[in-house]
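Undergrad: Chain A is already provided as a structure; the job is to place chain B on it using the hints.
2 protein chains.
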Amino acid sequence: MTTPVIGVFDSGFGGLTVLKALLKQMPGARFVFLGDTARLPYGSKSRRTIARYAAESAQFLVDQQEAEFLVIACNTASALALDAIEEAVSVPVLGVILPGAAAAAASSKTKDVMVIATEATIASHAYAAACQANGLRAVEKACPLLVPLVEEGWVDHPVTAEVVRIYLAELLAEAQAAGQSPDTLVLGCTHYPLLRAVFERSVPEGVRVIDSAEATAAEAAQLVMAGRASEAMHMPSIRCFATDSVEKFERLGSRFLSLPVGKVELVDLGG
Amino acid sequence: MTTPVIGVFDSGFGGLTVLKALLKQMPGARFVFLGDTARLPYGSKSRRTIARYAAESAQFLVDQQEAEFLVIACNTASALALDAIEEAVSVPVLGVILPGAAAAAASSKTKDVMVIATEATIASHAYAAACQANGLRAVEKACPLLVPLVEEGWVDHPVTAEVVRIYLAELLAEAQAAGQSPDTLVLGCTHYPLLRAVFERSVPEGVRVIDSAEATAAEAAQLVMAGRASEAMHMPSIRCFATDSVEKFERLGSRFLSLPVGKVELVDLGG
Numbered sequence: 038m039t040t041p042v043i044g045v046f047d048s049g050f051g052g053l054t055v056l057k058a059l060l061k062q063m064p065g066a067r068f069v070f071l072g073d074t075a076r077l078p079y080g081s082k083s084r085r086t087i088a089r090y091a092a093e094s095a096q097f098l099v100d101q102q103e104a105e106f107l108v109i110a111c112n113t114a115s116a117l118a119l120d121a122i123e124e125a126v127s128v129p130v131l132g133v134i135l136p137g138a139a140a141a142a143a144s145s146k147t148k149d150v151m152v153i154a155t156e157a158t159i160a161s162h163a164y165a166a167a168c169q170a171n172g173l174r175a176v177e178k179a180c181p182l183l184v185p186l187v188e189e190g191w192v193d194h195p196v197t198a199e200v201v202r203i204y205l206a207e208l209l210a211e212a213q214a215a216g217q218s219p220d221t222l223v224l225g226c227t228h229y230p231l232l233r234a235v236f237e238r239s240v241p242e243g244v245r246v247i248d249s250a251e252a253t254a255a256e257a258a259q260l261v262m263a264g265r266a267s268e269a270m271h272m273p274s275i276r277c278f279a280t281d282s283v284e285k286f287e288r289l290g291s292r293f294l295s296l297p298v299g300k301v302e303l304v305d306l307g308g
Numbered sequence: 038m039t040t041p042v043i044g045v046f047d048s049g050f051g052g053l054t055v056l057k058a059l060l061k062q063m064p065g066a067r068f069v070f071l072g073d074t075a076r077l078p079y080g081s082k083s084r085r086t087i088a089r090y091a092a093e094s095a096q097f098l099v100d101q102q103e104a105e106f107l108v109i110a111c112n113t114a115s116a117l118a119l120d121a122i123e124e125a126v127s128v129p130v131l132g133v134i135l136p137g138a139a140a141a142a143a144s145s146k147t148k149d150v151m152v153i154a155t156e157a158t159i160a161s162h163a164y165a166a167a168c169q170a171n172g173l174r175a176v177e178k179a180c181p182l183l184v185p186l187v188e189e190g191w192v193d194h195p196v197t198a199e200v201v202r203i204y205l206a207e208l209l210a211e212a213q214a215a216g217q218s219p220d221t222l223v224l225g226c227t228h229y230p231l232l233r234a235v236f237e238r239s240v241p242e243g244v245r246v247i248d249s250a251e252a253t254a255a256e257a258a259q260l261v262m263a264g265r266a267s268e269a270m271h272m273p274s275i276r277c278f279a280t281d282s283v284e285k286f287e288r289l290g291s292r293f294l295s296l297p298v299g300k301v302e303l304v305d306l307g308g
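Same order as they appear, the protein sequences are chains A and B.
Under the working numbering, the residues of the first sequence are numbered 38 to 308, in order.
Under the working numbering, the residues of the second sequence are numbered 38 to 308, in order.
Excised from the complex, chain A in its bound form:
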């Protein structure tokens, strides 16, 4: 059997945390990652614009890079453009939000969860809807300082610990005001897994931290490998593309992937 080609798409390079989780699940697959860095961040743009950008990116991965399966490693695109992507390509498409919500449901005993993400993801209420479909009540909070803190490299830094403490206190107060007892925190942004240790130190006793990237990778592996014989282990194959500014991608990407990202290839999708 042939090695499956899996396309992984993000507006930037944060989705490399999802690629990292995919590599653990499917070490024998070939991965093609596209960061639409020329047009990031998607978060400040309208649904119509995001849908067009995401569809073009998905078509590049399927039509030009022969991806047989697409992982949308971007919470904003998963929240706002999954339908548009599914219409644009003819291969299976998996976003990060439904697997994240399903993992939260599997984790939570109280059925009350907390979700943190970027402003655009929270404004879409996609996690709240997915949680509700899984029988959960969710309080949501946008945490716009966390991505810049990660990109500044302040991952293990007192300022970041204090920002996390403040955001969590506000979130817990909101849950309490709503009469909820959350026992699960969903990291709904691909940058946040780099702060997982900070969150685990800051949450109250008994609250579990769920990473959408890991939940998505596990579900992708199940879908991709169904009916395939397990393969001999070999070195992973990864090709990275970006639509602009490969320099920052190359500089920061390895932190997200925990591997060198190598040479990032520039691609022009117009716009």
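Certain hints may be false.
You can't tell identical chains apart in this list, so a pair holds if it fits in one copy or across any two.
[Stated by the list, open to error] Computed list of lysine-lysine pairs in DSS-like fashion (alpha-carbon distance at most 30 angstroms, straight line): (1) K146 / K61; (2) K300 / K178; (3) K148 / K178; (4) K178 / K285; (5) K285 / K148; (6) K300 / K61; (7) K148 / K300.
FYI, nobody ran anything at the bench for these hints, they're computed from the structure.
What you are looking at is a predicted structure, and each value in this text was computed from that prediction instead of being measured.
TA: Positioned in the frame of chain A, the structure of chain B alone reads:
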């Protein structure tokens, strides 16, 4: 005589701090502000892409809004696209970097200055070059956490004070290592005037804080009003356009302008 129409352009709404300074200098002028919010931030994009976006935005203000004078209220566009804008339109164009450097030269006795700005502006070294042309030595530092802190509304907040303290300490150490004695700090980003009080509390005794927005407004007023009779005072006239996401513009804009921005009109520049 007619009331002059002044076009003010930024990639987002941070340039409203420049508009605020312009209003003080020219209360009788008519202002048309364009925030290219669909395509922000310019900072992560290539010079070629920024030049095209900035030229299209400038043409909108001159050809469709009849601006007779353009203020580029965006440090990144001033650093990377001033030539492209001057080629694209036939009216006078003023960026924020040269007035900021000139004001620093007028302020500094030691002729050593510090410049803080976004990553893209610092990477362009446009301030360092403008400072050198004014007989100054400059140390520069990118401060990528400050824009998100301002947009989160944490203007008078202990976390912001601590981030400013850390950035300034790094900058002063760099100046010292270069054998310089800076007595002036240039705020090279249109978001930073909202943190002016924090900076003034944090800089060492004897260091003056210079705001490029104020320096630019003063120079614009001189250029625009030259040869015009001074006008009777009346209420300022401001029209604001954005290329996407008018909601965040309307919500945060009044903080930057210290006036309600009113209804922001959506305009499509393509791309």
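Undergrad: Now tell me if each hint is right for this structure.
TA: Cross-check of the supplied hints:
no.	hint	result
1	K146 / K61	within (28 angstroms within a copy, 59 angstroms between copies)
2	K300 / K178	between (36 angstroms within a copy, 27 angstroms between copies)
3	K148 / K178	within (18 angstroms within a copy, 47 angstroms between copies)
4	K178 / K285	both (28 angstroms within a copy, 17 angstroms between copies)
5	K285 / K148	neither (40 angstroms within a copy, 33 angstroms between copies)
6	K300 / K61	within (21 angstroms within a copy, 50 angstroms between copies)
7	K148 / K300	neither (44 angstroms within a copy, 42 angstroms between copies)
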